[in-house]
Amino acid sequence: MSDTFDALSMLSAVAVLTGLGLGFGALLGVVSERFKREDNPLVERIDALLPQTQCGQCGYPGCRPYAEAINQGDALNKCPPGGEATIHALADLLGREPEPLDGEAQSEAKVAFIREDECIGCTKCIQACPVDAIIGAAKLMHTVIEDECTGCDLCLEPCPVDCIDMLPRTAPLHQWQPVFAHSAGLIASDRQPVLGGAHVERL
Amino acid sequence: MSSAFDFPGGIYPPERKQRSNQAALVSAPLPMRVTLPLQQHSGQASTPCVAVGEQVYVGSIIARREGMISSNLHASISGVIAAVSASHIIIEGDGQDTWQRLPSLDWPHSAPAELLERLNESGIVGLGGAGFPTSVKARVVEQHVIHTLVINAAECEPYITADDLTLRHHPTEVLEGAQILAKLCGAQQILIGIEDNKPEAIKALNKALPNSQPVPVALKVVATRYPSGGERQLIKRLLNLNVPSGGLPADVGVLCHNPGTLLAALQAVRDGQPLVSRVVTLTGEALTQPGNRWVRLGTSVKELLTQAGLDQTSVAQVIQGGPMMGTPLLTLDTPVTKLTNCLIAATIAELPPAPAESPCIRCGECESVCPVALLPQQLHWYARAKDDAKMERYHLFDCIECGACSYVCPSHIPLVEDYREAKGRIRLQRIESVKAEHAKHRFEFRQARLAREEAEKQARREARQAQNRRPHSHASTENSEKVDLRGLRIAHAAAKASVKKAEKTLARVAQEDPKQPLDDLEMQLATAQENLRATELQLAQAREQQPSKESS
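Residue numbers (the numbering used here), protein chains in the order written: chain S, 1 to 203; chain Y, 1 to 552.
Don't take every hint at face value.
[What the hints assert, rightly or not] No farther apart than 30 angstroms at their CA atoms in a straight line, the calculated lysine-lysine pairs in the DSBU-like style are these:
{"id": "1", "chain 1": "S", "residue 1": "Lys124", "chain 2": "Y", "residue 2": "Lys435"}
{"id": "2", "chain 1": "Y", "residue 1": "Lys390", "chain 2": "Y", "residue 2": "Lys423"}
{"id": "3", "chain 1": "Y", "residue 1": "Lys386", "chain 2": "S", "residue 2": "Lys78"}
{"id": "4", "chain 1": "Y", "residue 1": "Lys236", "chain 2": "Y", "residue 2": "Lys183"}
{"id": "5", "chain 1": "S", "residue 1": "Lys124", "chain 2": "S", "residue 2": "Lys78"}
{"id": "6", "chain 1": "Y", "residue 1": "Lys386", "chain 2": "S", "residue 2": "Lys110"}
{"id": "7", "chain 1": "Y", "residue 1": "Lys423", "chain 2": "S", "residue 2": "Lys110"}
{"id": "8", "chain 1": "Y", "residue 1": "Lys236", "chain 2": "Y", "residue 2": "Lys220"}
{"id": "9", "chain 1": "Y", "residue 1": "Lys220", "chain 2": "S", "residue 2": "Lys36"}
{"id": "10", "chain 1": "Y", "residue 1": "Lys220", "chain 2": "Y", "residue 2": "Lys207"}
{"id": "11", "chain 1": "Y", "residue 1": "Lys500", "chain 2": "Y", "residue 2": "Lys435"}
{"id": "12", "chain 1": "S", "residue 1": "Lys110", "chain 2": "Y", "residue 2": "Lys435"}
{"id": "13", "chain 1": "S", "residue 1": "Lys124", "chain 2": "S", "residue 2": "Lys110"}
{"id": "14", "chain 1": "Y", "residue 1": "Lys302", "chain 2": "Y", "residue 2": "Lys207"}
{"id": "15", "chain 1": "Y", "residue 1": "Lys220", "chain 2": "Y", "residue 2": "Lys183"}
{"id": "16", "chain 1": "S", "residue 1": "Lys78", "chain 2": "S", "residue 2": "Lys110"}
{"id": "17", "chain 1": "Y", "residue 1": "Lys423", "chain 2": "Y", "residue 2": "Lys435"}
{"id": "18", "chain 1": "Y", "residue 1": "Lys496", "chain 2": "S", "residue 2": "Lys139"}
{"id": "19", "chain 1": "Y", "residue 1": "Lys457", "chain 2": "Y", "residue 2": "Lys423"}
{"id": "20", "chain 1": "S", "residue 1": "Lys78", "chain 2": "Y", "residue 2": "Lys435"}
{"id": "21", "chain 1": "S", "residue 1": "Lys36", "chain 2": "Y", "residue 2": "Lys457"}
{"id": "22", "chain 1": "Y", "residue 1": "Lys236", "chain 2": "Y", "residue 2": "Lys203"}
{"id": "23", "chain 1": "Y", "residue 1": "Lys386", "chain 2": "Y", "residue 2": "Lys435"}
{"id": "24", "chain 1": "Y", "residue 1": "Lys500", "chain 2": "S", "residue 2": "Lys36"}
{"id": "25", "chain 1": "Y", "residue 1": "Lys390", "chain 2": "Y", "residue 2": "Lys457"}
{"id": "26", "chain 1": "Y", "residue 1": "Lys501", "chain 2": "Y", "residue 2": "Lys457"}
{"id": "27", "chain 1": "Y", "residue 1": "Lys390", "chain 2": "Y", "residue 2": "Lys236"}
{"id": "28", "chain 1": "Y", "residue 1": "Lys183", "chain 2": "Y", "residue 2": "Lys203"}
{"id": "29", "chain 1": "Y", "residue 1": "Lys203", "chain 2": "Y", "residue 2": "Lys220"}
{"id": "30", "chain 1": "Y", "residue 1": "Lys457", "chain 2": "Y", "residue 2": "Lys500"}
{"id": "31", "chain 1": "Y", "residue 1": "Lys183", "chain 2": "Y", "residue 2": "Lys207"}
{"id": "32", "chain 1": "Y", "residue 1": "Lys496", "chain 2": "S", "residue 2": "Lys36"}
{"id": "33", "chain 1": "Y", "residue 1": "Lys423", "chain 2": "Y", "residue 2": "Lys386"}
{"id": "34", "chain 1": "Y", "residue 1": "Lys504", "chain 2": "Y", "residue 2": "Lys423"}
{"id": "35", "chain 1": "S", "residue 1": "Lys78", "chain 2": "Y", "residue 2": "Lys203"}
{"id": "36", "chain 1": "Y", "residue 1": "Lys435", "chain 2": "Y", "residue 2": "Lys501"}
{"id": "37", "chain 1": "S", "residue 1": "Lys124", "chain 2": "S", "residue 2": "Lys139"}
{"id": "38", "chain 1": "S", "residue 1": "Lys124", "chain 2": "Y", "residue 2": "Lys457"}
{"id": "39", "chain 1": "S", "residue 1": "Lys110", "chain 2": "S", "residue 2": "Lys139"}
Quick caveat, the hints were computed from the structure, so don't treat them as lab data.
Predicted, not measured: the structure shown is a model, and the values here were computed from it.
My request is simple: use the sequences and hints to build the entire structure.
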């Protein structure tokens with residue numbers, strides 16, 4: 001008696017759970033088809049962390065293709081303009097281990113500069129620029145719009161007369177950062193003597 | 001007297017105001033050479049409009065405002081322009097002090113637009129320390145309803161007495177200036193907030209109050225406590241209104257002005273005199289003649305302090321601003337600007353260097369004095385760990401950098417320095433990310449443009465081929481590549497939708513905030529349009545191929 005009861009209750013439990021599973025499975029399937037997203041939100045988030053220089057140093061044509069590649073499992077460490085900070089941000093987002101940067105990190109922000117009297121007006125750099133930051137026309141001098149240049153180096157290669165330099169980007173005055181002399185780390189014994197006048201809030 | 005409303009925290013540092021408030025307000029000797037930096041205000045630096053060798057008079061405009069938040073700059077002495085650089089203009093004086101004034105305005109009968117234009121033209125900025133252009137501030141009424149104009153005369157920082165002396169000597173003028181700005185912003189009342197350690201200024205104001213017309217003026221004396229001169233703190237104390245985090249006083253219907261600014265505004269309107277001089281407190285143990293002076297902008301700090309009897313042997317450091325929020329000057333070869341309210345030539349005994357920093361012991365003293373009710377010690381840990389996301393979550397940007405936490409810290413940790421550094425770092429990151437976003441939009445636009453050009457080329461090629469092919473009919477049926485008409489149609493619909501979406505976003509943002517730069521959104525719209533054009537061409541092509549295929 002008790003055996004049949006147990007078998008019955010077990011069967012009913014299995015049936016109910018299977019039914020629930022099938023029901024929800026079907027629901028999820030319908031919903032995922034109905035509200036399908038064309039773009040991948042994770043790719044968007046990866047793309048947002050990349051520096052958008054569109055330099056192609058990662059081997060992909062632009063930041064977004066690299067973001068898609070990362071989503072497919074490509075390495076995180078192929079972005080020299082982003083440097084360590086970008087690798088760590090990506091590792092945080094994706095829950096992967098950060099790897100050391102593949103290639104040389106860029107020490108400072110750069111901007112392309114065309115030595116204008118040497119330019120022959122071949123338009124090759126204009127075609128290479130990923131952000132349309134070079135203006136000029138055939139057989140006329142070209143110049144770089146400094147504010148739009150991302151410092152990606154892509155215009156250097158095609159120039160037949162090597163008249164493009166990468167110069168350090170000068171920050172405008174209002175972006176100037178004060179330099180603070182850190183007097184101590186968190187460990188008291190590491191402390192160095194405080195410079196006179198380094199801390200004047202005190203009366 | 002003072003009301004029961006109050007802000008949390010606060011400290012009572014030694015005031016040391018007696019040193020500079022004993023002498024009367026006098027003019028400093030006319031400098032023979034002035035250096036005028038192009039950025040003496042918040043916002044963008046102004047652009048020089050004079051050339052080397054040009055003759056200028058006091059009040060001649062030498063640099064014009066650039067962009068929305070910026071201010072004009074005027075010659076503060078008469079003479080010849082000696083140098084113009086990217087950061088400053090130098091004038092060599094002729095000792096004549098010849099003025100070039102604008103015509104006087106009868107403000108009660110002038111149109112608000114005219115008064116605003118005058119304030120803008122005269123380069124008036126907030127003289128309390130931030131240097132925000134007054135004409136821009138007055139135009140806040142376009143978005144907010146202002147009920148109260150507060151005159152911030154609290155001057156809570158130790159040492160500084162510039163506002164105190166301004167009020168003692170020019171109470172009627174300050175009130176008249178307040179009436180002008182009240183008229184511009186439509187305020188119903190004017191409130192003066194002043195600390196009780198300025199009895200003479202209070203007496204002078206009480207005498208001038210009854211004659212101030214037409215907006216009623218009230219004087220509120222508050223107990224001395226640092227930092228009650230903070231805009232938000234004073235508004236809390238006077239009106240019991242809380243300015244929201246990240247908001248402006250205008251969000252609660254209040255505008256704050258410094259007495260010096262009001263006086264400058266009146267001089268600009270009534271006398272047509274642009275902002276060429278300001279009151280500077282010269283004080284500190286290392287000066288033999290401390291006091292307040294009317295100083296022409298651009299005067300060398302060294303010259304000014306020497307005239308006040310600077311003792312070269314005993315001076316340890318010179319601080320610009322107050323001892324709590326000011327900055328030590330690395331060199332005295334720097335000019336007085338619109339923002340220089342005080343110069344302290346301190347001896348080593350007066351402001352000794354801080355003892356060596358020790359680790360935080362979590363005593364919580366900083367929390368109890370923070371006037372914004374932040375958690376300074378938590379911020380300290382996050383600042384040292386460079387955890388910027390956490391710092392923003394703990395409302396780093398609500399910190400007014402008053403220095404109360406550093407003042408009470410028993411471990412002598414320079415907390416405010418950490419916060420300033422973190423703020424700078426976060427601001428820079430924000431600028432970088434805006435730039436990256438911008439570059440991304442430009443890149444996308446370029447991709448879309450290239451795709452469209454490719455599609456157009458393809459369309460032309462097809463057309464040419466079709467023409468060539470017509471004589472020998474049906475030769476092209478081997479064109480067997482499957483045309484994905486459905487896919488193209490979907491892409492076309494999506495492109496159309498994204499154009500509509502971009503248009504809608506642009507219109508909404510433009511309506512919400514007309515002053516915001518819209519380049520990026522316009523770029524997105526253009527990108528969407530290029531995409532649409534490309535898909536349209538592809539679709540048209542595919543449709544052309546389709547019937548020929550069906551017929552075969």
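Checking against the hints above, which ones are violated? 9, 14, 18, 19, 21, 25, 34 and 35
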